[in-house]
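Below are the chains, spelled out letter by letter.
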Amino acid sequence: MKYCSLTAAALGLGPAFVPKIAHAMETKPRTPVIWVHGLECTCCSESFIRSAHPLAKDVVLSMISLDYDDTLMAAAGHQAEAAMMDTIERYKGNYILAVEGNPPLAEDGMFCISGGKPFVEKLKTAAEHAKAVISWGACASYGCVQAAKPNPTQATPVHKVITDKPIIKVPGCPPIAEVMTGVITYMLTFDRLPELDRQGRPAMFYSQRIHDKCYRRPHFDAGQFVEEWDDDGARKGYCLYKMGCKGPTTYNACSTVRWNEGASFPIQSGHGCIGCSEDGFWDQGSFYDRVTDLTQFGVEANADQVGLAAAGVVGGGIAAHAAISALKQAQKKTQTKVSENEEA
Amino acid sequence: MKDNVPAPASAGGRVDVYSTSPLTRDATDADRATVRRATSVYVYEVPVRLWHWINAAAILTLCVTGYLIGSPLPSIEMGEATHQFLFGYIRFAHFAAAMVMTVGFFGRIYWAFAGNSHARQMFYIPFWRKDWWEEVWFEARWYMFLDSEPRKYLGHNPLAQVAMFMFMTVGMTFMTVTGFALYAEGLGQGSWADMLFGPLIAWVGNTMVLYQAHHLGMWFIVVFMMIHIYAAIREDIMSRQSMVSTMISGTRTFKDDRVD
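Residue numbers (our numbering), protein chains in the order written: chain A, 685 to 1028; chain B, 5 to 264.
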């Protein structure tokens, strides 16, 4: 019950929903889940098994029926693959497909082989009869590091491969444990997908920026910033905006839910947010710059350097133009004088 | 004192219309010899001039505060964060100036319809008009010192029209749209700004992209300001018409009365 009330609070539901969640957990048939792994680092699974409210074991043992998860299941090899096909056959249209990682599409998908076949084929097979797809983490949602420029394996987020199923993106590298289990709890309790924002993320966890609920926000408004690592401001817990914190552009629940049973989150530990739950966060320049380098200009230069260079060139041009104009004007005056004198 | 006695008419073959006119007594013979009859025309109506200067002030504020938002001033500690709102005020000034600029821009667009033909000039490029391109070429030659004398223009010269369209109409629209999208992030999802510009945020994906684009846009406007001010002053001195004062009085004064 304690977990139910905590989860209700996390999902933004009133106390009246606590028994509803408890009831759902006790009576509803467990939802079959197929959890596949593409190009990824398994940090999503690592995060998931550390969920405290609810405990990951409660999710796996009493809420869902994790019928296939090649990193967590006891079976291996042919038995494991058979279990997946069996689940697809038995629960057509009723199981949830959870995808960790993404399929690389280059070379016919040969950069990620799972069960002897390109992962993209496995993904398509599993998605065909799924009720809904959950894209765990930055890999499945946006592509993450393997899709960073120049993306040699053509790693592609799930929603660009599976286009005919409802997809819930739960981005983050990894996503917060309680966000992962919270999304599953919501779906089990209400038999529907959580409300999604324009980018397909559950609104209850991704509708606000880290910046909006950051406990260091007053220092931002005051203009009190950490200027360099380990300075006085860093020790006083000033805002990390100047150190390149991506909190103002990152939609996630870190500053409210926090990590490891609410112990802390990156900004609380003194490091800026790197924006890991945002689209293409590897390609947005340094994690430690606010005005970041623009790769479009072929050299490493940020907007200020590019702008200043442009202004310098234009300024130089203006100065030269003004000098020639002045000379021309002087010449014209002399000529007029000469001609007037000649007239006279 | 002798200098100030009105000179006899038609001295040196020139009809001196000012010999008996109300010139004050500090007019010298030299002044009278060079005095020219000038024609003038009223081009910029009050709303256009008012918008110009309000817009200039707003853009200046936006550039300064915008730069400081990207690269904040060194931290100062006047007190606890609760009692200090320095960065907050800088951001407020940016937002307030942006609102003024946006409202002004809409007002200006209205005046493009309600005002005279010169009020419309900055909103379009007569791309298909052949003689306009010929005028562009002529004006470009004047700026490249290939012609000794420019033509006379009532409104913007063709090059200025291109600049106005690219930097102001297009540039300001870009800054307004990207700016309000970033503002929508602060107001939060479900706000009016989010309703209008949220789809843009979703399309861009990561708003760091918007920040950098908005920042580059500032430099675009700064470059325009430099060219604009230089060209206005240069033309005021070297061209055949008034420039700077026209945006104050609305009257374009021509320095000569020749027809070509």
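Calculated directly from the structure, the hints in this document are not laboratory data.
Any given hint could turn out to be false.
Derived DSS-like pairs: lysine-lysine, alpha-carbon spacing no greater than 25 Å straight-line [said to hold, decoys possible]:
id: 1; chain 1: B; residue 1: Lys-134; chain 2: A; residue 2: Lys-1016
id: 2; chain 1: A; residue 1: Lys-833; chain 2: A; residue 2: Lys-815
id: 3; chain 1: B; residue 1: Lys-259; chain 2: A; residue 2: Lys-1016
id: 4; chain 1: A; residue 1: Lys-1021; chain 2: B; residue 2: Lys-134
id: 5; chain 1: A; residue 1: Lys-776; chain 2: A; residue 2: Lys-844
id: 6; chain 1: A; residue 1: Lys-1012; chain 2: B; residue 2: Lys-134
id: 7; chain 1: A; residue 1: Lys-1021; chain 2: B; residue 2: Lys-259
id: 8; chain 1: A; residue 1: Lys-712; chain 2: A; residue 2: Lys-815
id: 9; chain 1: A; residue 1: Lys-1017; chain 2: B; residue 2: Lys-134
id: 10; chain 1: A; residue 1: Lys-815; chain 2: A; residue 2: Lys-704
id: 11; chain 1: A; residue 1: Lys-815; chain 2: A; residue 2: Lys-849
id: 12; chain 1: A; residue 1: Lys-712; chain 2: A; residue 2: Lys-741
id: 13; chain 1: B; residue 1: Lys-156; chain 2: A; residue 2: Lys-833
id: 14; chain 1: B; residue 1: Lys-259; chain 2: A; residue 2: Lys-1012
id: 15; chain 1: A; residue 1: Lys-776; chain 2: A; residue 2: Lys-833
Some residues of chain B that are not near chain A, with every Cβ distance over 10 Å (derived) [claimed, not checked]:
id: 16; residue: Pro-78
id: 17; residue: Gly-92
id: 18; residue: Ala-116
id: 19; residue: Phe-169
id: 20; residue: Met-172
id: 21; residue: Leu-220
id: 22; residue: Phe-224
id: 23; residue: Arg-238
If you want the footprint, here are the derived chain A segments under chain B, 3+ residues with CB under 8 Å [what the hints assert, rightly or not]:
id: 24; segment: 732-742
id: 25; segment: 755-768
id: 26; segment: 898-909
id: 27; segment: 925-933
id: 28; segment: 985-997
id: 29; segment: 1011-1021
By construction, the Cβ of each residue, glycine as well, lies at the ideal position given by its N, Cα and C atoms.
The hints, checked one at a time:
Simply put, Lys-134/B and Lys-1016/A have alpha-carbon atoms about 32 Å apart, too far for the 25 Å limit, and the pair is violated. A C-alpha spacing of about 33 Å is found between Lys-833/A and Lys-815/A, which places the hinted pair above 25 Å, so the restraint is violated. Annotation: proposed proximity of Lys-259/B to Lys-1016/A holds, straight-line Cα distance about 16 Å (limit 25 Å). For the given pair, Lys-1021/A sits about 39 Å from Lys-134/B by alpha-carbon distance, which is inconsistent with the 25 Å threshold.
Our distance criterion of 25 Å between C-alpha atoms is met by Lys-776/A and Lys-844/A, whose separation comes to about 22 Å. About 30 Å separates the Cα atoms of Lys-1012/A and Lys-134/B, which puts this hinted pair outside 25 Å; it is violated. For the suggested pair Lys-1021/A and Lys-259/B, the alpha carbons sit about 18 Å apart, so the restraint of at most 25 Å is met. Simply put, Lys-712/A and Lys-815/A have alpha-carbon atoms about 17 Å apart, close enough for the 25 Å limit, and the pair holds.
The suggested pairing of Lys-1017/A with Lys-134/B is violated, with an alpha-carbon distance near 35 Å, which exceeds 25 Å. At most 25 Å may separate the alpha-carbon atoms for a hinted pair to count; Lys-815/A and Lys-704/A meet this at roughly 23 Å. A distance of roughly 7 Å separates the Cα atoms of Lys-815/A and Lys-849/A; the hinted pair therefore holds under the 25 Å criterion. Taken as a hint, the Lys-712/A and Lys-741/A pair is honoured in the structure, with Cα atoms around 17 Å apart against an allowance of 25 Å.
Between the alpha carbons of Lys-156/B and Lys-833/A the distance comes to roughly 53 Å, so the proposed pair goes past 25 Å and is violated. Taken as a hint, the Lys-259/B and Lys-1012/A pair is honoured in the structure, with Cα atoms around 18 Å apart against an allowance of 25 Å. At roughly 38 Å between alpha-carbon atoms, Lys-776/A and Lys-833/A are farther apart than 25 Å, so this suggested pair is violated. Look at Pro-78/B: its CB is around 7 Å from the nearest CB on chain A, not clear of 10 Å, so calling it non-interface is violated.
In this structure Gly-92/B is not separated from chain A by more than 10 Å, as the shortest Cβ-Cβ distance comes to only about 4 Å. Taking the minimum C-beta to C-beta distance to chain A, about 28 Å, the non-interface status of Ala-116/B holds against the 10 Å cut. The Cβ of Phe-169/B sits about 18 Å from the closest Cβ of chain A, beyond the 10 Å cut-off, so the non-interface label holds. The beta carbon of Met-172/B sits about 17 Å from the closest Cβ of chain A, which is more than 10 Å, so the claim that it is off the interface holds.
Its beta-carbon lying about 5 Å from the closest one in chain A, Leu-220/B breaks the requirement of being farther than 10 Å from that chain. Distance check for Phe-224/B against chain A: the nearest CB is about 8 Å away, which does not clear 10 Å, and the non-interface claim fails. Distance to chain A contradicts Arg-238/B as a non-interface residue, since its nearest Cβ pair spans about 6 Å, not more than 10 Å. Evaluation of the coverage hint for the segment 732-742 of chain A: breached, as 0 residues show C-beta separations to chain B shorter than 8 Å, against a requirement of three.
Against chain B, the segment 755-768 of chain A contributes 0 residues with a C-beta closer than 8 Å to a partner C-beta. That does not satisfy the three-residue criterion, and the hint is violated. With 8 residues having a beta carbon nearer than 8 Å to a beta carbon of chain B, the segment 898-909 of chain A meets the requirement of three or more and the stated coverage holds. Closer than 8 Å: that is the beta-carbon criterion, and the segment 925-933 of chain A has 5 residues meeting it against chain B, so the requirement of 3 holds. Check result for the segment 985-997 of chain A against chain B: holds, 8 residues qualifying (beta carbon to beta carbon below 8 Å, three or more required).
As drawn, the segment 1011-1021 of chain A meets chain B at 3 residues by the rule of a beta-carbon pair under 8 Å; at three or more, the given contact holds.
Violation of the numbered hints given earlier is confined to hints 1, 2, 4, 6, 9, 13, 15, 16, 17, 21, 22, 23, 24 and 25; the remaining hints are satisfied by the structure.
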